[in-house]
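Undergrad: The lines below spell out each chain.
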Amino acid sequence: MSDTPKFVPATPLNPRRRAILVGASVGMGAALARKLAKEGYAIALIARQKDKLDALCAEINQSLGETRAFAYPHDVINYDEVPNLLKEIIADLGGLDTFILMAGVNYPPGGNDKFNFENDRKMVEVNLIGAMAWLSPVAEMFQSAKAGQIVGVGSVAGDRGRVGNPGYNTSKAGLATYLEALRNRLTRHGVNVLTVKPGFVKTEMLKAAVGPTPFAIPVEKAVDDIYNAMRKRKQMIYTPFFWQYIMLVIRHIPSFIFRRLSF
Amino acid sequence: MRTTFTQLENFGHSLNAPAYLVKPRSSEEIYDAFKQAKQNGLTVTARGAGRSYNDASLNGGGIVLDLTAMDNILEWDTATGLVRCEPGVTLEKLWQQVEPEGWWPPVVSGTMKTTLGGCLGANIHGKNNFKMGTIGEHVVEFTAVLPTGAEVTCSPKKNADLFYAMIGGYGMLGIFTSITLQMKRIHSGLLTVDAFPVRNLHGHLSALHDGAPHNDYIVGWLDTFAGGSSLGRGQIHAAHYVHEGEDPNPQETMKLKNQVLPPRIFGVFPKSILYQFMKPFANNLGWRMVNIAKYVASLPKHTFRQSHAAFHFLLDYVPNWELSYGRGGLIQYQSFLPKETAEAAWTELLGLSLKRGMPSYLGVTKRHRPDPFLLTHAVDGFSLALDFKVTDSTRAKMSAMLQEFDKIVIAHGGRFYFAKNSETTAQTALAFYGEEAVAKFKKLKKRCDPNGLLESDLYRRIFG
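Order-wise, the sequence lines are chains A and B. The first sequence begins at 3 in our numbering and counts up one residue at a time. The second sequence begins at 15 in our numbering and counts up one residue at a time.
Errors might be hidden in some of the hints.
As the list claims (entries may be wrong) - Pairs of lysine-lysine residues, derived as DSS-like cross-links and limited to a Cα-Cα distance of at most 25 Å, are as follows:
no. : chain 1 : residue 1 : chain 2 : residue 2
1   : A       : K89       : B       : K315
2   : A       : K148      : B       : K37
3   : A       : K89       : B       : K411
4   : A       : K37       : B       : K411
5   : A       : K37       : A       : K236
6   : A       : K40       : B       : K52
7   : B       : K49       : A       : K89
8   : A       : K236      : A       : K223
Hints were generated in silico from the structure; no laboratory data involved.
All chains should be modelled from the sequences, with the hints used to inform the complete structure.
TA: Right, here's the structure in full:
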């Protein structure tokens with residue numbers, strides 16, 4: 003296409019960090035993609051829906067007047083595709099500095115007394131196994147290169163198992179534990195692993211949530227928090243920050259009380 | 015063959031590009047890497063010592079062939095001075111082999127850490143470029159493996175088109191597997207060096223121009239902080255060989271122990287930590303002081319004798335000196351200008367860098383002559399190499415300034431050298447190479463590398 007803006011190679015005076023963002027097409031992913039592109043990153047965007055992804059890339063590249071966002075349609079549950087796709091993207095970007103995992107789905111069971119194994123399975127397949135399918139080869143590369151940054155977006159929902167959505171809690175708790183293990187493995191190799199635990203953020207996913215969603219923040223605020231934490235190479239953040247105090251309390255509610263609560 | 019995903023940098027530590035690093039030990043293993051690349055849809059770049067200041071040996075996300083394991087001197091004939099080496103042999107290994115027997119590499123770079131494969135890829139020059147030309151002019155023959163798997167032998171007579179394109183072709187046509195070079199006879203381990211100051215750019219260039227015919231080597235240091243009527247002032251070092259019979263004891267002066275650089279400064283500080291002491295000076299004020307002090311010290315005219323190694327390998331005096339430039343690293347901007355326009359062009363360049371408050375910290379000048387290679391950087395004139403520190407706060411401003419520099423140099427009929435310049439664009443490269451040379455190179459590339467397997471970050475930048 004002739005109207006596609008040009009890809010400008012990186013030089014010492016025009017350096018460019020390179021990132022992969024999985025789960026980029028909507029919500030926080032799309033907002034973070036815009037933010038990172040604006041901050042000078044070359045970025046590979048991964049999501050299921052090709053049309054949404056293409057539209058987002060076009061929007062970002064037009065606004066920059068330079069091609070820096072690239073679309074790679076992919077469903078994270080196609081685990082076998084990952085190694086080759088990863089190789090292809092790293093060749094296209096000319097390297098990789100940051101890997102960001104945001105892909106997540108939330109299918110509530112439909113009530114505090116309802117159970118839905120199909121939904122639970124889908125959430126674990128996407129939120130946890132899909133995440134591991136990417137994180138594992140990326141971690142191996144970063145370990146070998148002795149450089150890099152991994153950002154995993156979990157959720158405050160992973161901090162306790164609650165009555166509302168056991169499957170979602172489990173998938174996010176599993177992801178948080180996996181990220182913690184990667185951090186313990188990779189820090190000694192110079193790799194930063196950042197776990198992000200957003201509270202309620204005003205996205206499509208939030209609309210599906212059952213029950214109250216207090217302190218919901220706009221997407222842009224969450225994205226700024228994530229970007230600042232990336233720059234400071236932090237280990238873990240809650241966004242907005244005060245969720246760390248809320249979750250500190252919630253994590254310490256004794257079980258004999260917690261099991262009588264209805265959230 | 016083992017591949018390691020590795021973070022690679024350029025010499026100036028100003029760029030990084032992770033790649034799959036492969037360390038071949040034979041031409042078969044080089045060909046294996048080509049096959050592997052083709053299967054995986056990746057590109058391949060050769061890397062020697064990683065001493066280029068830019069992206070010449072980087073290939074982000076692709077395969078990089080580290081050729082340093084192919085470092086055998088295959089044949090050395092002390093009677094004729096012909097030496098056949100694998101591409102990973104460093105200049106250090108080469109001169110230490112030939113010097114004690116009365117020979118010296120005809121062309122060397124300012125560091126001895128470079129590999130011969132890299133030297134040919136960039137077609138390096140030394141302080142004797144005006145007299146001896148580039149290293150390529152002393153290559154008797156080389157063999158190379160092409161991405162097609164073909165092994166070719168090239169000399170000025172045989173496969174001459176490839177000979178003149180692969181030397182100076184930055185590894186984009188094929189990978190050198192052996193290199194035969196003619197060494198130069200020396201009659202002493204010492205050179206006679208004249209050092210004298212020059213007061214301005216006109217005097218500087220005149221001294222290089224007039225001094226060259228009477229000397230074997232000539233190089234200038236330029237005080238990059240001096241402006242106004244002192245702009246371009248500096249010091250010239252002109253050296254000539256000690257002729258047969260002039261050295262009463264050549265066997266002694268040619269001994270390796272009399273060629274090594276001093277391992278300690280003032281006999282106290284190990285050189286390996288010296289760059290740490292340079293760090294506090296790596297800013298505008300610090301380097302201004304260094305430049306002034308150096309100029310003052312250069313004022314008394316003097317003549318002395320110095321070993322070949324000490325004269326040539328100035329960049330090796332302080333190991334890891336490039337690290338003193340800090341986190342952003344350094345870049346070098348080297349321009350080659352015809353003798354008629356050099357003064358005008360560099361008056362503009364140096365003036366601009368002072369006006370913008372982004373002075374270069376180190377300036378080095380040389381005298382050059384043209385050479386017969388396809389992608390040549392040489393001119394009948396001079397070169398000026400300027401080192402700049404890269405910091406987050408000056409990147410954008412400096413980038414704009416160097417684009418202006420490029421325009422000035424091109425307007426004055428100048429050229430650039432891709433072991434050095436990191437910011438030159440495809441448009442600028444086309445402007446000085448000329449469409450004909452580029453088209454010819456691309457045609458050869460199509461023939462040697464029909465699948466486009468050989469690509470570096472440099473190639474994508476200037477030919478992409």
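Undergrad: Hints first: check each against the structure and report whether it holds.
TA: We went through each hint and held it up to the structure:
Taking the CA atoms of A/K89 and B/K315, the gap is about 60 Å. The hint is violated against a cut of 25 Å. Of the supplied pair hints, the one linking A/K148 and B/K37 holds, its CA atoms being roughly 19 Å apart against a limit of 25 Å. Between A/K89 and B/K411 the CA atoms are separated by roughly 35 Å; this puts the pair beyond 25 Å, and the hint is violated. Proximity of A/K37 to B/K411 is assessed by CA-CA distance (about 23 Å); at most 25 Å being required, the pair is judged to hold.
A distance of roughly 18 Å separates the Cα atoms of A/K37 and A/K236; the hinted pair therefore holds under the 25 Å criterion. Taking the CA atoms of A/K40 and B/K52, the gap is about 34 Å. The hint is violated against a cut of 25 Å. Proposed proximity of B/K49 and A/K89 is supported: the alpha carbons are some 16 Å apart, at most 25 Å. For the hint linking A/K236 to A/K223, the alpha-carbon distance of about 17 Å falls within 25 Å, and the restraint holds.
Checked against the numbered hints listed earlier, the structure breaks hints 1, 3 and 6; every other hint is satisfied.
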